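*Asks:* What follows is each chain in one-letter form.
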Amino acid sequence: MKRLTLYAITTLFTAILLIWTPGCQSPGGPATGGLVSSNDAASQVYVAPGQYDEFYSFLSGGFSGQLSVYGLPSGRLLKVIPVFSVDAEKAYGFNEETKPMLNTSFGFVPWDDAHHPELSQTNGETDGRWIFINGNNTPRVARIDLSTFETTEIIEIPNSGGNHSSPFTTENTEYVVAGTRFGVPYPQNDVAISSYAENFKGMLTFIKVDPESGHMEIAFQILLPAFDYDLAHSGKGKSHGWTFFTSYNTEQKNTLLEVNASQNDKDFIAAINWKKAEEYLAQGKFREIPARYAHNVYSDVDHQATSTIIEKVKVLTPEDCPDMVYFLPTPKSPHGVDVDPSGEYIVGNGKLSADLTVHSFTKMLQAIENKSYETMISSIPVLKYEEVVGGVVKAPGLGPLHTEFDANGNAYTTFFISSEIVKWKVGTWEVLDRVPCYYSVGHLMIPGGDSRKPQGKYMLALNKITKDRYLPTGPELDQAAQLYDISGDKIKLLLDFPTVGEPHYGQGISADRIVPNVKKIYPIEENKHPYVSLGEGKTKVERQGNDVHVYMTTIRSHFAPDNIEGVKVGDKVFFHVTNLEQDWDVPHGFAVMGARNSEILVMPGQTETTVWEPQRPGVYPFYCTDFCSALHQEMQGYIRISPANSNTPLKWSMGEDIVQ
Amino acid sequence: MKWLPRLLMILGLAGFLSLFAFPLWRITLVAPQYPTGVRMYIWINKIGGETAGTLQNINILNHYVGMKFIEPESIPELSYFPYVVLALGLLGLLAMVINKPWAYLGWALLVIILAAIGIYDFYLWEYDYGHHLSPTAPIKIPGASYQPPVIGKKTILNFTAYSYPHTGGILAGISIILALVAFKIKKSWS
Ligand SMILES: [Cu+2]
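Chains as they are written, first to last, in the numbering used here: chain A, -11 to 648; chain B, 213 to 402.
So here's chain A without its partners, still in its complex pose (with noise of 0.2 angstroms):
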C-alpha cells in the first residue's frame, strides 16, 4: 500500500513537470534561469587571447556521428573530428584514403550515432593517448589518436543491435567493452518477431586494446539473455577485474517497450568477472562461431586506412562458464551504472525509481561466497537485493540517469525529469546540494569524473531540451551545455554554451596531459604512402587503361604539375597530392570542377587521393581551397578533358607551356 502511494505521487509529479518545467518561459524573451548572481563567474570562464584552456573536454555529437572538442572553462570549440560520419571539410569518408574507414559488413555506411566518448586509463587515471567512442546503430567502437586528434581504428561488433553499453574502458585499457542495447536473434536469422523470449539474446563484447599500439580486436563475447544492456563501467582498485552492465527490459518483451518494459520492480545490473573469463578462455571454453565485422585501420605513415573482414569470433557462455557473470537486482530500469573512485560502491541510476540505489562490492563478493542466490536465470545466479545494495539515497529527485565523482568523496547525479544535478555524499547518502539544468540534462561530465582519480573543479550538464536559452533559429535547436564550479560546498553555475549534435556522455582531461604529445606535421620522410610524390622532380601523370593517375604536390602557392592534358571523357583521374610542407598549419586544399566528390585537405607531409570523372570535354581550373599564403588566389591549375575518342598526347607541365 505504502509502495502504491508513493508510486502515485511520483507518477503525478512527474506528470507536472513533464508539462511544465521546459516551457515555462513566455515565448519571445531571454531565459532567466540560473542567472549567475556574483560577477566572478565572468571571470572564471574567462581564458585571455592566446592563453589556453585548462582542460580539454570532448563531446560526442550523438547523431551528427561525430566527436566535438572544447576548451574548458572557456567553452570554445576547438575541433569537430569525423569519427562515425562522412565530412565534407576534411574530406572524411570521400578520399580514397578514409573511404576504408567507414566500411561495414553491410558495406560503406555513412553515418552513426555516437554517445560515449571514453579516454584512455593508465593505473585508473586518464592518460591522454586515445579516446573511444561508440557507434550504436551500426554497432562499432572508434579509436581516435590523441597525437593527430583524427580517427584511426574502428572495430564492428558482430551479434549486436544498438551498441550503448559502450566503450568504457577498465582501469589499464586491458578492455573495451560493448554491450547490446538490442537483443536480436542469435544467430540472426528470419524469425518471427513474437518469438522474443525464445530466439533472442544479449551479447557482451570485450575488445582487447593493444597497450602499445592501441589497436582493438575482439577477445571474447558473453552470450546473455535478450535483456536491454544500456550502459557500463568497469570496476576500479579493489572491484578491477569486473564490469557492470545495467539492464532494462528484463521483461523480454519487443512490443510498446516504454510500458512493457516498465513492469519489473527490479532489474539487473549484471556483473562480469573478465579475469574469469580470461582464465576460461585459456581454457579453451570458448565456443568458435562465425561471424562478419569489420576492421578498420588507418596509418599515419601509409596516410590510408584497410578494412579487413574477420569471419569469426569467441563466445563464452554462462552455462559453460559458471561464477562469470552475476545479477544485482536494481530498482527500477536502471541506466547510468557508476563506480566510485574507490571501487567500492557500484551506483545504479534506476530511471523510474524514487530512490538511488548503490550496490557494495564487498557485500557483492561476500554474497557471492555464500550463494546465497534469489533465483538463477539462464545459468546466471540473481543475489539478493538486501544482501548487495550498500546504501540508498532517499528521494534525491526524479529520474536518475548518471553519476560521476569528485576527488573529495562526492557523487553528482542527473535527474532528467525534475532537470537537476543533486551532489550527495559518498558513504552517508546525504543529499548536500542541488541545481537546476537547462532544461533535462542526461549525462554529466567532471575531467576524470568516472576513474579513481577525478580531476574535476569543473562539472558539465549535457542536455536534452533547449528551448529558449539561446537566440532562436528555427524549429531545429543545438543542445545545451552547463559548466557549473564544484570547489566549493555549494554548486555555481558558471556558463552556458550550445553544442554540436547530441552529446550525450563526455570527458575532460587537463590538458597537460595531451598538449605536449599533439603532432604539428607529419615528416615528409616518413611518408609511405603507395601514391606519394617526394618532391616536385617525382611529380608525373601515369594512364593505366582508364585510370589516369596524377602524382601530384603542393607547396606555397603552387600545384606541380598545374596544366595536365590527354585526359578524356570517360577516364577516371586520382589526383594524388602530397603536401610538401613541413610547417604547421599550412595545409593545402585541393578541388576541381565538376567533382561529385569532396575537396580534399591535405596536411603538411600528407597525401591524399580524391576521384573525378570528366564529363564534358573541355578545360577545368582546379584550385587550392584553404588560404594558404599571400598567392593562395594564383595557388590553381587546368587540367584539358578531350573527347573519348581523341588523340590527345598525356603531357604535363608546370613553369612552361605544354608543347603538343
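The hints are simulated quantities; they were obtained by calculation from the structure and are not laboratory data.
One thing to keep in mind: the hints can contain errors.
Simulated crosslink set (DSS-like; lysine-lysine; CA at most 30 angstroms straight-line) [unchecked claim]:
# : chain 1 : residue 1 : chain 2 : residue 2
1 : A       : Lys507    : B       : Lys258
2 : A       : Lys526    : B       : Lys365
3 : A       : Lys508    : B       : Lys258
4 : B       : Lys280    : A       : Lys528
5 : B       : Lys365    : A       : Lys508
6 : A       : Lys516    : B       : Lys258
7 : B       : Lys280    : A       : Lys526
8 : B       : Lys280    : A       : Lys508
Note that the structure is predicted; figures quoted are calculated from it, not measured.
Since the structure of chain A is provided, determine the placement of chain B with the ligand on it from the hints.
*Replies:* Positioned in the frame of chain A, the structure of chain B with the ligand alone reads:
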C-alpha cells in the same frame, strides 16, 4: 702558477673546438604568423633549423620577394671551414707546447684575422641573398633589399630579424680572450 697560461690556453682551445659541437651563429625571424620565431643556425659545416623543415619554411617565405633559396650544398665555405678550424686548433696546441708570449699572441691574432675574414664573407653572402633578387619575384618593392644584419636586429618587411653569435661562436670568442690573457701573464713573467 707556472702552468696557468697553459691551463688558460687548453680551456680556450676546448671552447674553440666546441665549434664542431655547437652552432656559430643564429638568425631568428619573428613575424605575425610566427609568434615564437623561426630559427636558423649556422654551423661551421652546415646551415640548419630547429626542425627538419625550417630551412624549407624560410625559403618559402623568401621566395615571395625573389630571394634565392638557401642551399647549404652550394656554399663552398661549409666544406672547408671544418679544416680551417681544425688547423687553428692544432696551431693552438703548438702555441701551448711552445708556451712563449709571442706564440699565444700570434695564435690570437691569427684567429682574429680569420674570424674577421669569416664575418666579412658572411656579410657578402647576406648581401648577395638580400640584393640579388629574382626579376620575376611576385612581390617587388622598388629600392628594397632584404639583407639580414650581421649582428643585431633589423626589420625586413613583415619580419624582424635578429642575428647573434651562438654557443660555438661565443666560446670561440672567449678562446681569443683566454689566449690574450695567457700572452699577458707570460709576458709579465718574462
Ligand atoms: Cu594552398
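*Asks:* Would you mind confirming whether the straight-line C-alpha gap from Lys280 (chain B) to Lys526 (chain A) stays at or under 30 angstroms?
*Replies:* holds (22 angstroms)
*Asks:* Is Lys507 (chain A) close enough to Lys258 (chain B), meaning Cα to Cα at most 30 angstroms?
*Replies:* Holds, because 27 angstroms separates the two Cα atoms, which is no more than 30 angstroms.
*Asks:* Given the hinted pair Lys365 (chain B) and Lys508 (chain A), is their alpha-carbon gap at most 30 angstroms?
*Replies:* holds (29 angstroms)
*Asks:* Would the hint linking Lys516 (chain A) and Lys258 (chain B) be met if the CA-CA limit is 30 angstroms?
*Replies:* holds (28 angstroms)
*Asks:* Can you confirm whether the C-alpha distance between Lys280 (chain B) and Lys508 (chain A) stays at or below 30 angstroms?
*Replies:* holds (27 angstroms)
*Asks:* Given the hinted pair Lys280 (chain B) and Lys528 (chain A), is their alpha-carbon gap at most 30 angstroms?
*Replies:* Holds: Lys280 (chain B) and Lys528 (chain A) sit about 26 angstroms apart, inside 30 angstroms.
*Asks:* Within a Cα-Cα threshold of 30 angstroms, do Lys526 (chain A) and Lys365 (chain B) meet the stated pairing?
*Replies:* violated (40 angstroms)
*Asks:* So if I understand the rule, the pair passes when the alpha-carbon distance is 30 angstroms or less; does Lys508 (chain A) with Lys258 (chain B) pass?
*Replies:* Holds, at about 25 angstroms.
In this structure, the one hint that does not hold is number 2.
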